[in-house]
Structure formats: structure tokens, C-alpha cells
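Participant: Here is how the chains run, residue by residue.
There are 2 protein chains.
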Amino acid sequence: MNRQFRLKRRPVGRVTRDDFDLVEAPVPTPGPGQAVARNLYLSLDPTNRIWMSDMDQYLPPVALGEVMRGGGVGTIVASNNPDYQVGDTVNGLLGWQDYCLIGAPGELFPPTVIPQGLPIPMTALMGACGMTGLTAYFGLIELGQPKAGDTVVVSAAAGAVGTVVGQIAKIKGCRVVGIAGGKKKCDFLTRELGFDAAVDYKAADWREQLKAATPDGVDVNFENVGGEIMEAVVERMNLFSRMPLCGMISTYNDANPPRYDLTPFLMKRIKLQGFIVLDFKDRYIEGSMQLAQWLLEGKLKAQETVVDGLETAPETLNMLFDGGNIGKLIVKIADAA
Amino acid sequence: MNRQFRLKRRPVGRVTRDDFDLVEAPVPTPGPGQAVARNLYLSLDPTNRIWMSDMDQYLPPVALGEVMRGGGVGTIVASNNPDYQVGDTVNGLLGWQDYCLIGAPGELFPPTVIPQGLPIPMTALMGACGMTGLTAYFGLIELGQPKAGDTVVVSAAAGAVGTVVGQIAKIKGCRVVGIAGGKKKCDFLTRELGFDAAVDYKAADWREQLKAATPDGVDVNFENVGGEIMEAVVERMNLFSRMPLCGMISTYNDANPPRYDLTPFLMKRIKLQGFIVLDFKDRYIEGSMQLAQWLLEGKLKAQETVVDGLETAPETLNMLFDGGNIGKLIVKIADAA
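Residue numbers (UniProt numbering), protein chains in the order written: chain A, 1 to 337; chain B, 1 to 337.
One or more of the hints may lead you astray.
One copy or two, either will do: identical chains are not told apart, so a pair holds if it fits within one copy or between any two.
[Said to hold, decoys possible] Heads up, simulated SDA-like pairs for lysine to any residue below, C-alpha to C-alpha not over 25 Å straight-line: (1) 271 / 238; (2) 299 / 33; (3) 271 / 257; (4) 184 / 212; (5) 271 / 56; (6) 268 / 321.
In short, the hints are calculated from the structure, not lab data.
Excised from the complex, chain A in its bound form (with noise of 0.2 Å):
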């Protein structure tokens, strides 16, 4: 059987189980030019809470009734389409299921085949050398423009984007602060990441330990939050730097999104952009390429948490907002064969 999470209603605040029908469906058939996957993992990320809202956003919202969008990684068990073969890693937007119909109607973007022999864990595939890792990659160097000395903040830092955002900085030359909750995870930054900084916006003085880390202020806000965290970022922010808006992950669950002063961005010049990482997808394997070969080399490290079962999706999905995970959030579905 193949069973699916289907959106049954549009979440108020956070996520829950009755959100969702969960529904157990024959597993798909392929018709003519379309493949079946076996889905293996699934990617949780911050946007899939966008998505189950019907507001204006980069994709449509899912439907309800529709089966949740989600990306994930896979295999191919049946093809009628000589673009997917049997045994082929696929990656793409699987959806929260346990097989995916390639080129079945709707279908937002068909699934990239990984090519065999890619010496990369199939994790690494959706974390820190697929979405997440090219999220990482375009915002910060594209948009951020860092440049060696440069001081960079990342919020949400021990979080799968926030991880990747700090490494390539510090490969970049910058010294580099993160923002996280709690000492574990300032910690884990410091000392297995390598940044030279790290806040603890749990902490009562943060605002003070935000201060003390970025001495020369900040010339990158990579910003992952919103909120109070970032209106104190863009309070030590200097003139003509840089704020690539990856996202705002503190107030998605808020029914009415915060409100911020614009007179800091005139002042200081500040070059604010927000962007998704498809605004990027021409550039995906020179991206891709790069991160992989930073991996390789150990430049890289790809951290991850990984959850077991299908059946955890909805509630795995709010430890990206109760910042319960360390790295890239992965369910895993089923074994590979």
C-alpha cells in the first residue's frame, strides 16, 4: 500500500496530526512516459509550513485534499518513461508518501536522476549538497557577497540552512557568528563547525552576547528568523551591508507577521533581498559541484537528523520551529533495497 498525508484542513499556529488524512492508496501504476518511486527519505523544511497556507507565496499552496508536498529522495521501481530507470536515486518533490507517480497531472517539477556512482550520501543529496546546501550557497555568496574579513551573521544557525551558511563563510574568510538556542547548539558551532562565534538567543543576555561577538559590527545577515532576533542583527549592521532574506521561520506560524522599521535600511544603506532557491535552478550543478566537492574534502560537514517512519512527518516537521533538530531535518521512509 502506499500511504499518503493528505492535507485535510490549513493549520492555525503550529502543525498538528489532524491537520492531515492519513490515507493508505494501491501503490501508483505508471502510465504511458510516467515512473513510479519508492520514496526513502523525506526532507522537512521550514516552507512546507508556507505551503499548507493559502497565502500569496513562490509556489501555490497545497490543496487540501492534495497529498502534502515535500522533497525527498527515492528509487525507481517502475518506468514507462526511458528518462527514469529502474534502480535510478531520484530527487525532487516526492511528497509526504511512501511512492511517488513521476509525470502524473500537477506535477510542479519533475525529479532530477542523480547520476550512479556519486560518491555522496543520499542525505547529503537534500541537506548540504542539494536544496538546502544550494539555499546556503546562492543567498550568501550571491546576495551576501561576503567578502574575507567580513563579519557574518547567521540566524537559525545550527539549522540545516544556518550550518551550511557558516562553513562556506568561514571558507570564505569571514569571521563568522551564529545564533541558536541553547548552549548545546552554540557549542556544536563552535567547536565541531568552526565558527567563531556563537549566541544563545535563549540566554537572558543575549543581546549583550550579540553585541561582544560582533565587535567591527556585521557586514552579512544571512537571515533565517525575523523578529526581535533580527531587529537587534540589523541594529549592528553597518552601512552598505548586505541581508539576503532566506526566510523568517519565527513568525510562519503567526497569524499576523510581525512589523519592522525600514529607517535602519535607508540609514545604513542597507542592501536587503529576498530570494528562494529557485531563483537559482539554472546554476544548480555549479553549486551543487561546489558543495560536493567541499564534502569531499571536509571542508564541508554535512549534520543531519534523521527521524524514523513516514508516520512522524507532521510531528517531526515541528521541531524546525521548536528547534529540536542540529543540522538538515530527515524522515527516514523506507530502507534502500
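Given the structure of chain A, go ahead and fit chain B onto it with the hints provided.
Facilitator: Structure of chain B alone, referenced to chain A:
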């Protein structure tokens, strides 16, 4: 005598005459390396209001007791500096006074000598071909990156910067929509300056007017105003659109500036960049030459409102916030010799 407006206290809300002492000092005598200019015209600009406030800004605030800072044009009447010859026309921060001592301690920027015989009126040296024009030119061209066929919206469109922004955007082949207060200004924009449409923000249906005027959305928002007008334009902005943030004049008198939702900037990948004309000081010659050429060719009209008498400066400044002027707002201090 040299009449001088000295800042007495920091204005709260609107500027009043009582925020200044109008003192009569002796006409300055130039010391070694110094020169004296007779001020002829004073440029009144929204940023003057910012300089009066003790807030973080791009230049130091005017100190209490100091002569109010302001741009102007004058004639050198005495000089001990070979860079300034008696009779030269100079353009710079001459201050709210009858005479300016050039080379005095604390001078931020020395005034520029205007080449003799330049066929540009003195007032245009401050307006369409001066700081105002350069603000419009670099903000629109460099940050707005307009392409032919783009829809460009400019707020405070009948003001000094707005009139030039719109005319440059027309030269560049864009659809130009100006936002201004009142039918008279709106008619002026479409009939005299060739804007494609004008939105009267004082009309009850201004939101519908804006929607009707931007059927293909907005590619460039040259932002001068802030507040709810800005929010309404942001709502109309397209994917990958640009927003040069020149000012937020509607809120300069507010003790607590308004706050804004940044979600549309993320979702629509809008590039927002604050700037001031000083950021482009290495390219002033390029910009002024281009603007002067357009002026002499008749492609650019230098619209101005000139008020007589230095003593009117504080009240006249409020015209900027009340929408009382069309084009560049200038105080005439004295006739050229």
C-alpha cells in the same frame, strides 16, 4: 550683517520658527586658506528635517547652537584660497545664513566651484542638475535598473526628486506612474511632465487608482514616502522587482516610525536598497553632465518652487511635508550681483 538660523532645540513633530535662534553675526572675514560666499539660494530638502533630530543618520546631526545645515548656491565675495576666486559661483552646504565661511573648522564638504559659462540656471544646479537630480538619477538607474517597458512608480512624484525620477524613467522607455496629493499636481504630472498616469493619494479611491494605473504590476518602486502608500505599492510589486529606498518623508515628523511587513519582500524576492546621493559622489560629474544634457535638449524640465527671503526658511521647509511645493523647493536669499 550675516543673519544665521542657529538650531535652538530639536523639533518635535513639525518644525517651527521657535526651534531656531535667528541671530545677526558679523559678515565673516576669511582667514588663511578660507573664503567667504554670499549665499543666493538655499535648497530645502526632506533630509534637513532628519539633520535636526538626534537620531542615527548618515551625517552627524546639527548640534544645538550650530548654524542649520543646508545646501545652497552662492558667489565668492572674499578669498584667501586659490581654489576660490572672487566672483566664482559655488554650490554646497552653505547653511541657513547670508554668508558662508568656507574652510571653517567642522566643515563637512567644501563647496564646489561651478565652471564659468555653464548654460544652466543657478537654481537648477541645486535641483534637476544638482543633488536632487543626482539622487533621482543614481537611485533610479543604478538601484532601480529600469528596462524599457517596465512599470515605474514614484511617490512624492510632484516633488523635487519625484519629478526628475519620472522624467528619466520616461526617457528610458518605461510606463511611469506618479503618486501625488491633489488633482492639480496629478494633472501637472501627466500633462506637463508626460507621466503615463498619476494617482491622487488624497482621493478616497486612491487604492483603486493605483491598481488601475499598474495593470501589469510594478517593476520599480522609487520610494520617497513610506507609510500606507508604500505598503499599497509593495502589494502591487512584481517578482524580482526593485525598490530604491530614497526616503520616507511621510514619517520624518513621527516620534515612532511606522513598521512594515517584510513577507512580500521575501515571497516576491524584491530587492530593497536604501541609498543617499553621497554614495555616488565619485560619479557626480557623469550624472550632472547627463542631466544637463537632457535639460538643454528639452527632455528634462526643471520644475521649481521659489520662496523669497532667508527668514522664511523654517516655515517654508514645512511645505515639503504639507505637499505645498511642486518640484524643487528653494528659498531665494539675495539677487546675484
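Participant: Take the hints in turn and mark each one as holding or not.
Facilitator: Taking the hints in turn, this is what the structure says about them:
no. : hint      : verdict
1   : 271 / 238 : both (11 Å within a copy, 18 Å between copies)
2   : 299 / 33  : neither (41 Å within a copy, 58 Å between copies)
3   : 271 / 257 : both (21 Å within a copy, 20 Å between copies)
4   : 184 / 212 : within (20 Å within a copy, 55 Å between copies)
5   : 271 / 56  : both (23 Å within a copy, 18 Å between copies)
6   : 268 / 321 : between (31 Å within a copy, 23 Å between copies)
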